[in-house]
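Enquirer: Here is how the chains run, residue by residue.
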Amino acid sequence: MQLPDICRRMRRNILDMAFNSKTAHIGPSLCIVEILAVLYFRIMNIDPQDPEAPDRDRFLLSKGHAAAALYTTLALRGYFPEEELTKYCVDGGRFHGHPCRDAAPGIEFSSGSLGHGLSVAAGMALSLKGISKGVIFTLLGDGECNEGSVWEAATFAAKNRLNNLVAIIDVNRFQGFAATEDIDSLDLKKKWEAFGWTAFEVDGHDFVALEQVLNMAKQLDCPVVILANTISGKGIKAIENTLLAHYFVLDETVYQQTLREIYAE
Amino acid sequence: MRNDFVRQLMVEMERDENIYLLTGDLGFRAFEPVKERFPNRFVNAGVAEANMMGVAAGMALTGKKVVAYSIASFATMRCFEQIRSDICYHNLDVKIVGVGGGVNYAHQGVTHHTVEDLALMRVLPNMRVICPSYSWEAREATRVAIQDKGPVYLRFGKSPNVDYSQPDFDFKFGKGFVIKEGSDVALICTGNMLDITLAAAELIQQRIHKSVCVVSMPCIKPLDTEMIKGLSQRVEAIITIEEHSVIGGLGCAVGDVLLSCRLTKCIFEPIGFKDTFVHEVGCRDYLLACVGLDAEGITRRVVEVCKDSGASL
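Same order as they appear, the protein sequences are chains D and S.
Read in order, the letters of the first sequence correspond to residues 1 to 265 in our numbering.
Read in order, the letters of the second sequence correspond to residues 1 to 313 in our numbering.
Please note that the accuracy of each hint is not assured.
Unchecked claim - Using 27 Å as the maximum straight-line C-alpha spacing, the simulated BS3-like pairs for lysine-lysine come out as follows:
| no. | chain 1 | residue 1 | chain 2 | residue 2 |
| --- | --- | --- | --- | --- |
| 1 | D | K129 | S | K35 |
| 2 | D | K190 | D | K159 |
| 3 | D | K159 | D | K133 |
| 4 | D | K133 | D | K87 |
| 5 | D | K190 | D | K218 |
| 6 | S | K35 | D | K159 |
| 7 | S | K149 | S | K180 |
| 8 | S | K307 | S | K229 |
| 9 | D | K133 | S | K149 |
| 10 | S | K221 | S | K180 |
| 11 | D | K237 | D | K22 |
| 12 | D | K129 | S | K149 |
I should point out that these hints are in silico values taken from the structure, not numbers from a laboratory.
Please take these sequences and the hints and turn them into a complete structure.
Expert: Structure representation (structure tokens):
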């Protein structure tokens, strides 16, 4: 499958999971589809048949509420059958609304409380620096950057020159109950640079740009952060770029309408 | 006990090159030899405990054995969620070491007192909790915790500088040690309350002429439930003594065992810090006396409890 086909399929799966389980967090899942597709199908050195390979690249979803996007990525990449996605957030199911490491191979870290992933990724990077070829990728939300522990980790990673660590920030500009700029008015890119990171900005839905910047990030000899500008709820026109996208629960009409739009593109 | 911990840690680090030490910017006059001997396995994570616990989890997820160190209050409270979700939820090989547990940093005030840590750590699934009393327990607890593969919380205070160990003592998770035999009243203590408890045992014997048994219970979780059940069959009163809140620590753990085996005959009284902050200023002995955790205060309480309950004492 080509990347656009993979992304369409991922969006359809996310819609199915959200619709079947009548759960929220569809907006923050839809907006990271291209980022995960490029990571898992173009960038990361991984083998679903050998998910614990010592030299593998690792990905930690720090913004755990977008778990649906991770599950569909792992299924399409071959870590487990796609049918398993029907077990998302249902009674007796397999997958929580936030990732649990034990739920399936390929899930490197159980997350859900914001502000944890970067520290854990930094610990992995410190531990593997110089002894493994693996690069540690972690994806945070821009709202998540409110958390103080993110900046403790940012300081730690820069001081320890963790050149095998790449943080991606999903800049969808919305958080729990506000636009991100209403909570933190500082320039996020300058903030990361001030903490000693090399920062890039990219269109988070542009495959080519994402692949280019992630490839570059892997090569650089310092911790790298990529600020990926995204559209919350990308694919569901009615909720794109709204606070509601975080909480929206699909009804039959919007579900059917969105499926048609995804496949009409 | 901190020095006993450091010495044993170095023995283990010498033996196993997979062991890393993280410190939250503490360890002056303690970790210098570790830093010198193992420069690549010593990491000062800075005054950033939340990140330190996350880093510890990340290192453990890649196969390392990690010891993360700070003052007990900072090692458990600031970073509680990282300990819960990153370390315990993933059941990782991380040992959390808190020094100065209880009121060992007496003069430094309430921010440095730690009388909640045992409760906080005990409630976490997968976590084991050890609170040694003196040098031998500190060394053995360090050895056993480090050689184990799951999360452990080790709480150290000041050592009473007496060796209470006996040749047949074998340190294991979930094992208590009888330090002094006795048949009427059992005093079960944890952490560095052992010397004070032994002094109280003497006073109690003098005042109510009963035989007092003293048990050191370094392992709060898992607990030596068999020993507690056994004692409850033999003695008339079980008293727990800890430099910790009466809520959630040794007393609650022992009380739960007694309740679950439906014992009605045995008197039970937990002695520790009442549900309040300690506002008095002073050294550890002074503060312990203020809250009734000195030998005299413990003795008075035990005598009172036994009389109130109408026991044959």
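Enquirer: For the pair supplied as a hint, K221/S and K180/S, is the alpha-carbon distance within the 27 Å limit?
Expert: Given that 27 Å is the threshold and the Cα spacing comes to 22 Å, the pair holds.
Enquirer: Quick one, are K190/D and K218/D close enough, alpha carbons at most 27 Å?
Expert: holds (21 Å)
Enquirer: Would the pair K159/D and K133/D pass a check requiring their Cα atoms to be no farther apart than 27 Å?
Expert: holds (20 Å)
Enquirer: Mind checking the alpha carbons of K129/D and K35/S for me, to see if they're no more than 27 Å apart?
Expert: holds (19 Å)
Enquirer: Decide if the proposed pair is consistent with the structure: K149/S and K180/S, CA atoms, cutoff 27 Å inclusive.
Expert: violated (33 Å)
Enquirer: When you check the alpha-carbon spacing of K133/D and K149/S, does it fall within 27 Å?
Expert: holds (26 Å)
Enquirer: Can the restraint linking K35/S and K159/D be considered satisfied, given a maximum Cα separation of 27 Å?
Expert: With a Cα-Cα distance of about 18 Å, the restraint between K35/S and K159/D holds, given a limit of 27 Å.
Enquirer: Straight-line Cα separation of K190/D and K159/D no greater than 27 Å?
Expert: holds (18 Å)
Enquirer: Hint check: K237/D vs K22/D, CA-CA at most 27 Å. Holds or violated?
Expert: Given pair K237/D, K22/D holds - Cα atoms ~19 Å apart, limit 27 Å.
Enquirer: Taken at face value, is the distance from the CA of K229/S to the CA of K307/S at most 27 Å?
Expert: The given pair, whose Cα atoms are some 23 Å apart, holds under the 27 Å limit.
Enquirer: Please work out if K129/D and K149/S have their alpha carbons no farther apart than 27 Å.
Expert: Roughly 23 Å separates the two Cα atoms, so the pair holds.
Enquirer: For K133/D and K87/D, compute the direct alpha-carbon distance and say whether it is at most 27 Å.
Expert: violated (34 Å)
The structure shown violates the earlier hints numbered 4, 7.
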